[in-house]
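Enquirer: Given the coordinates of chain A, assemble chain B onto it according to the supplied hints.
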Amino acid sequence: MNSLGNNPKLLLRIEDLTIAYKVGILSFEALHEISLDIGKGQTLGLVGESGSGKTTLALAILGYLPESGRICQGSISFGGQNILTLSDREKQKIWGSQVAFVPQDASSSLNPSITIGAQMMESLIHHTQISKTEAQQRAIELLELVKIHDPELVFQSYPHQLSGGMQQRILIGMALSLDPQLLVLDEPTTNLDMTTQAAILELIQELVQQQDTSILYITHNLGVIAQICDRVAVLYAGELVEEGPKKEVLGSPFHPYTQALIDSVPKIEMNKNKNILRAIQGNIPLPLERPTGCIFLPRCPIATEICQERPLLFSTTDGRRTRCHRWEAIVNREVVPTQPQLEISIPEQSPEETEPILEMDSVKVGFPAPRSLVDVLRAKVPTAVRALEGINLTLSRGQTLGIVGESGSGKTTLARTILGLVQKDEGQIDFLSIPIPSRLEERDLSTLQNMQMIFQNPEESLNPFMTVRDALRRPLKRLLELKDAEAERRSRELLEMVHLPQGFLGRVPSQLSGGEIQRVAIARAFATNPKLLLADEPVSALDVSVQASILNLLIQLQLENDISTLLISHNITVVGYLADVVAVMYLGRLMEVTDTRDLFTPPMHPYTEALISAIPSMDPKIKEPIRLEGDLPKPTELPLGCPFYSRCFRSLGEICQSQEPPWQELPGGKRIDCHIPVDELRSLQVAQGDPTTEGGIE
Amino acid sequence: MTRYILRRLGLLLVTILLTSMLIFAITQLLPGDIARIILGREAGEQALEALREQLGLNDPVIVQYGRWLVNLLKGDWGNSFSTDTEIFPLVMGRLRNSLMLTAMIFTLSIPLALFLGTISGLNEEKPIDLLISMTSLSLVGLPEFVTGLILIQVTAIDLGWFPANSSIPMQASFGEAFPMLILPALTATLVLLAYITRLTRAGVIEELKKPYVRTAMLKGLPHPSVIRRHVLRNALLPTITVIAISFGWMVSGLIVIENVFNYPGLGRLVIFAIERRDLPLLQSVTMVTVVGYAISNLVADLLYAKLNPKIRLE
Numbered sequence: 001m002n003s004l005g006n007n008p009k010l011l012l013r014i015e016d017l018t019i020a021y022k023v024g025i026l027s028f029e030a031l032h033e034i035s036l037d038i039g040k041g042q043t044l045g046l047v048g049e050s051g052s053g054k055t056t057l058a059l060a061i062l063g064y065l066p067e068s069g070r071i072c073q074g075s076i077s078f079g080g081q082n083i084l085t086l087s088d089r090e091k092q093k094i095w096g097s098q099v100a101f102v103p104q105d106a107s108s109s110l111n112p113s114i115t116i117g118a119q120m121m122e123s124l125i126h127h128t129q130i131s132k133t134e135a136q137q138r139a140i141e142l143l144e145l146v147k148i149h150d151p152e153l154v155f156q157s158y159p160h161q162l163s164g165g166m167q168q169r170i171l172i173g174m175a176l177s178l179d180p181q182l183l184v185l186d187e188p189t190t191n192l193d194m195t196t197q198a199a200i201l202e203l204i205q206e207l208v209q210q211q212d213t214s215i216l217y218i219t220h221n222l223g224v225i226a227q228i229c230d231r232v233a234v235l236y237a238g239e240l241v242e243e244g245p246k247k248e249v250l251g252s253p254f255h256p257y258t259q260a261l262i263d264s265v266p267k268i269e270m271n272k273n274k275n276i277l278r279a280i281q282g283n284i285p286l287p288l289e290r291p292t293g294c295i296f297l298p299r300c301p302i303a304t305e306i307c308q309e310r311p312l313l314f315s316t317t318d319g320r321r322t323r324c325h326r327w328e329a330i331v332n333r334e335v336v337p338t339q340p341q342l343e344i345s346i347p348e349q350s351p352e353e354t355e356p357i358l359e360m361d362s363v364k365v366g367f368p369a370p371r372s373l374v375d376v377l378r379a380k381v382p383t384a385v386r387a388l389e390g391i392n393l394t395l396s397r398g399q400t401l402g403i404v405g406e407s408g409s410g411k412t413t414l415a416r417t418i419l420g421l422v423q424k425d426e427g428q429i430d431f432l433s434i435p436i437p438s439r440l441e442e443r444d445l446s447t448l449q450n451m452q453m454i455f456q457n458p459e460e461s462l463n464p465f466m467t468v469r470d471a472l473r474r475p476l477k478r479l480l481e482l483k484d485a486e487a488e489r490r491s492r493e494l495l496e497m498v499h500l501p502q503g504f505l506g507r508v509p510s511q512l513s514g515g516e517i518q519r520v521a522i523a524r525a526f527a528t529n530p531k532l533l534l535a536d537e538p539v540s541a542l543d544v545s546v547q548a549s550i551l552n553l554l555i556q557l558q559l560e561n562d563i564s565t566l567l568i569s570h571n572i573t574v575v576g577y578l579a580d581v582v583a584v585m586y587l588g589r590l591m592e593v594t595d596t597r598d599l600f601t602p603p604m605h606p607y608t609e610a611l612i613s614a615i616p617s618m619d620p621k622i623k624e625p626i627r628l629e630g631d632l633p634k635p636t637e638l639p640l641g642c643p644f645y646s647r648c649f650r651s652l653g654e655i656c657q658s659q660e661p662p663w664q665e666l667p668g669g670k671r672i673d674c675h676i677p678v679d680e681l682r683s684l685q686v687a688q689g690d691p692t693t694e695g696g697i698e
Numbered sequence: 001m002t003r004y005i006l007r008r009l010g011l012l013l014v015t016i017l018l019t020s021m022l023i024f025a026i027t028q029l030l031p032g033d034i035a036r037i038i039l040g041r042e043a044g045e046q047a048l049e050a051l052r053e054q055l056g057l058n059d060p061v062i063v064q065y066g067r068w069l070v071n072l073l074k075g076d077w078g079n080s081f082s083t084d085t086e087i088f089p090l091v092m093g094r095l096r097n098s099l100m101l102t103a104m105i106f107t108l109s110i111p112l113a114l115f116l117g118t119i120s121g122l123n124e125e126k127p128i129d130l131l132i133s134m135t136s137l138s139l140v141g142l143p144e145f146v147t148g149l150i151l152i153q154v155t156a157i158d159l160g161w162f163p164a165n166s167s168i169p170m171q172a173s174f175g176e177a178f179p180m181l182i183l184p185a186l187t188a189t190l191v192l193l194a195y196i197t198r199l200t201r202a203g204v205i206e207e208l209k210k211p212y213v214r215t216a217m218l219k220g221l222p223h224p225s226v227i228r229r230h231v232l233r234n235a236l237l238p239t240i241t242v243i244a245i246s247f248g249w250m251v252s253g254l255i256v257i258e259n260v261f262n263y264p265g266l267g268r269l270v271i272f273a274i275e276r277r278d279l280p281l282l283q284s285v286t287m288v289t290v291v292g293y294a295i296s297n298l299v300a301d302l303l304y305a306k307l308n309p310k311i312r313l314e
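From first to last, the protein sequence lines stand for chains A and B.
Going by the working numbering, the first sequence opens with residue 1, and the numbers climb by one from there.
Going by the working numbering, the second sequence opens with residue 1, and the numbers climb by one from there.
One chain only, chain A, in its complex shape:
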């Protein structure tokens, strides 16, 4: 059975695929009548949020569905055979050699107790019966191919000795080792830093051009799709809702869901003062409560009578397909398929009339390096790791201060220092114009009330056994010392404030979705009417469509409650969108502090430039991308001068290595910590191509 026979350009054909999972006595569909083709040498991007079935589809293509998965109908033809009917032995023959897989979580996808070399060699030896020496040579070549600097050393290393970016490169190298025809990549850059992601994406692009491999690239990030794919398929609740060439689909989508996805992420240079994001209303339907008509009907802004019927996958213009009854109306611009916009008007504040809420003056935090018994006996004092140094920042009333930087930049340590969870060694922190003690235990009740936090991972920050009521009441009773009746009344108010129904009070976190849990976490943070909210990556663990509604909620609450926010994120577009003032951090130090309006305008610190350049964008040809070399240096081996020296692409040499850079102030309040004079930076960066001339989406 070979339905590919008459089309030599086709590599993979999925026809009418429906897959269900069995949980106990229930069975629910994860994928519903999916039909997709991947051509030879083509890169297909698969977009979807959690629950869309994108991982199930990837596993089905690999023939690696879990035991609870059942194929209800359909076929997957690959190289003349139906993958779904292959025996285990037949699958083992094509795994690794014809189809290869690159997973999301690189660190746990490598065996921790076997060396990289041995892990790379085993499939080579198994599939091709080459000798050990040949396999070793080939493995080292592969490490070079994926641009590992010291392949011999890495060959002998164990996974935990390598950075996340290197682990991901190794997995890509491993997947390519036998020149497979199809490469399935499941969110390979989602857990990586922005600059690392950019480098990995570039590597994948290069390899695609060299090797003529077909790729299925799964991601929730439309910017990534735009950068590396030829075509894009959009999955929603187990159904293929739109498919076509990436430029057309992302440029003028034919399905309201695709449009909503594009609208719900902040683009580069967008700011809350100018653009309010359009969030998708409602939730993704539960697996057992799928609507009988169009799957997107409950959330669709342009639904009509006809949408009660299930739409076909219409073939439209230019080889595009969409599962929307109203696609022609969309094409002819009779309707605009955008989600309704929240009405928030943000008054522009002028900096003069604002009073400071939080002031940090020369704050320094060091972590002692580990001492061995011998060190203790020798009375040797180890050099402390500088976690934070020279932090001078001011957050004004009603404003949002954004802190951006990669992992290891010290942004979370900064938040923990402000909260009193980490003790500062030097410097002063003034909160509401009064110096506050370093230690949480020494702070008075009103300081605790006035400073609250939202964490990155909502599931982990709420006690799984506590109901929403308990979670909300706890700060009310502990910090505000409210009586039961009063606390109950306030809890109800809080839920209303974050747009959740009162019925949620009795629920525990496992009965809520990720976005709902984050709303509860926000309600809990607002319980004591704080003056300062610390938000550590408040949206990065959430689905794209949920992110927008949480961002909008934060903006709205900040306005209504006269609150100031310290926002921490690795995502410079999110920070640029939400913040009024942005501080860029690298290895525990400030590199640049700027008004958000000037964030994307030269001159800027070379590190900021690299971060902006790393944003995956619609049209990468406009500028020569900046890629940082190597990994973060160890905190114990910092250069004497600028911490960014070892990776800086604009370094002046000697002076940057040996002398601390000066702070250069610009009119407008921007300050840059760099040896290169601002005028020179400006002319260099303008010559490079203004990075803001195109609309990157992320």
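For the record, the hints were derived by calculation from the structure and aren't laboratory data.
Watch out, some of these pointers could steer you wrong.
[As the list claims (entries may be wrong)] Pairs of lysine to aspartate or glutamate residues, derived as DMTMM-like cross-links and limited to a Cα-Cα distance of at most 20 Å, are as follows: (1) B/Lys310 / B/Glu206; (2) A/Lys9 / A/Asp318; (3) A/Lys40 / A/Asp230; (4) B/Lys210 / A/Asp105; (5) A/Lys364 / A/Glu637; (6) B/Lys310 / A/Asp105; (7) B/Lys210 / A/Glu187; (8) B/Lys126 / A/Asp318; (9) A/Lys132 / A/Asp179; (10) A/Lys22 / B/Glu125; (11) A/Lys22 / B/Glu124; (12) B/Lys209 / A/Asp37; (13) B/Lys209 / A/Glu67; (14) A/Lys9 / A/Asp37; (15) B/Lys209 / A/Asp105; (16) B/Lys210 / A/Glu67; (17) A/Lys274 / A/Glu560.
Expert: Just chain B, lined up with the frame of chain A:
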């Protein structure tokens, strides 16, 4: 690695020194006058005083401890109060017997438990897993003296396969002792089996869920080789540590089993010393036990470090 071993050895010595103090202190606190225990109720005050002087019991405690420790290191462990023979050869002979029994238990139980645990883990919740789990769990519920007596009744008395009594002669070679080791070792195996099987099963189940197993499978490696090369290597880590630690228990903690089978190991010697209030003997046996535990802990840690690259490189 060398640094790591040296550090662990240093810690081992500190541990042993501290416990030696503890053992000495506890025996000092025990009620009863040693001189009176030796000479009996009827002894006169003068004779008692002379003996105390002779044994050094009138010296300050710290001097007594120092002397005890130095003698211990020299191998001069003194004479037993109750048998009036030298302690050192007595304890060493018993230690040898205990080690023989331990070797036997290890040979019987470890391969079986690892095998059963792996089978169980690979077939989670399937009939074979349930069978193995239920059987080993119900066996562990039975006290050792019950399983021991049943084994004696069935295999020794009814079937006559093995000797019922395991009182091997002093200096018996392993070959001579072998038939008598089987039943006590089998009894201990039944106790250990459930424990190690459960642990292995849990390890295998946990590792099978890890993404690296998927990576290995999707390389197209045959299933058995994925299990052997990838899963077991990580799954057995915690088990190996527990096995090494249980070594200490087998050397000196098999009191019930040794009694049931009348086996002359260290366990029975402890009971003997306690019953006779034989202080020097008790101190010596306890010290040997402590050293045994300390070494088995060290071996456990070193094995873990050897197999887990994350620790090796510290």
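Enquirer: Could you run down the list of hints and mark each one as holding or not?
Expert: Results for each hint:
1. B/Lys310 / B/Glu206: 19 Å, holds
2. A/Lys9 / A/Asp318: Between lysine 9 of chain A and aspartate 318 of chain A the Cα gap is close to 18 Å, so the pair holds against 20 Å.
3. A/Lys40 / A/Asp230: Answer holds: lysine 40 of chain A to aspartate 230 of chain A is near 12 Å, not above 20 Å.
4. B/Lys210 / A/Asp105: OK: lysine 210 of chain B and aspartate 105 of chain A at ~11 Å, within 20 Å.
5. A/Lys364 / A/Glu637: Judged against 20 Å, a Cα distance of about 18 Å means the pair holds.
6. B/Lys310 / A/Asp105: Satisfied, since the Cα-Cα distance of roughly 19 Å is no more than 20 Å.
7. B/Lys210 / A/Glu187: This hinted pair holds, its Cα atoms lying about 17 Å apart.
8. B/Lys126 / A/Asp318: 52 Å, violated
9. A/Lys132 / A/Asp179: 19 Å, holds
10. A/Lys22 / B/Glu125: Holds, at roughly 16 Å.
11. A/Lys22 / B/Glu124: 17 Å, holds
12. B/Lys209 / A/Asp37: With a Cα-Cα distance of about 31 Å, the restraint between lysine 209 of chain B and aspartate 37 of chain A is violated, given a limit of 20 Å.
13. B/Lys209 / A/Glu67: 13 Å, holds
14. A/Lys9 / A/Asp37: 10 Å, holds
15. B/Lys209 / A/Asp105: 13 Å, holds
16. B/Lys210 / A/Glu67: 16 Å, holds
17. A/Lys274 / A/Glu560: 18 Å, holds
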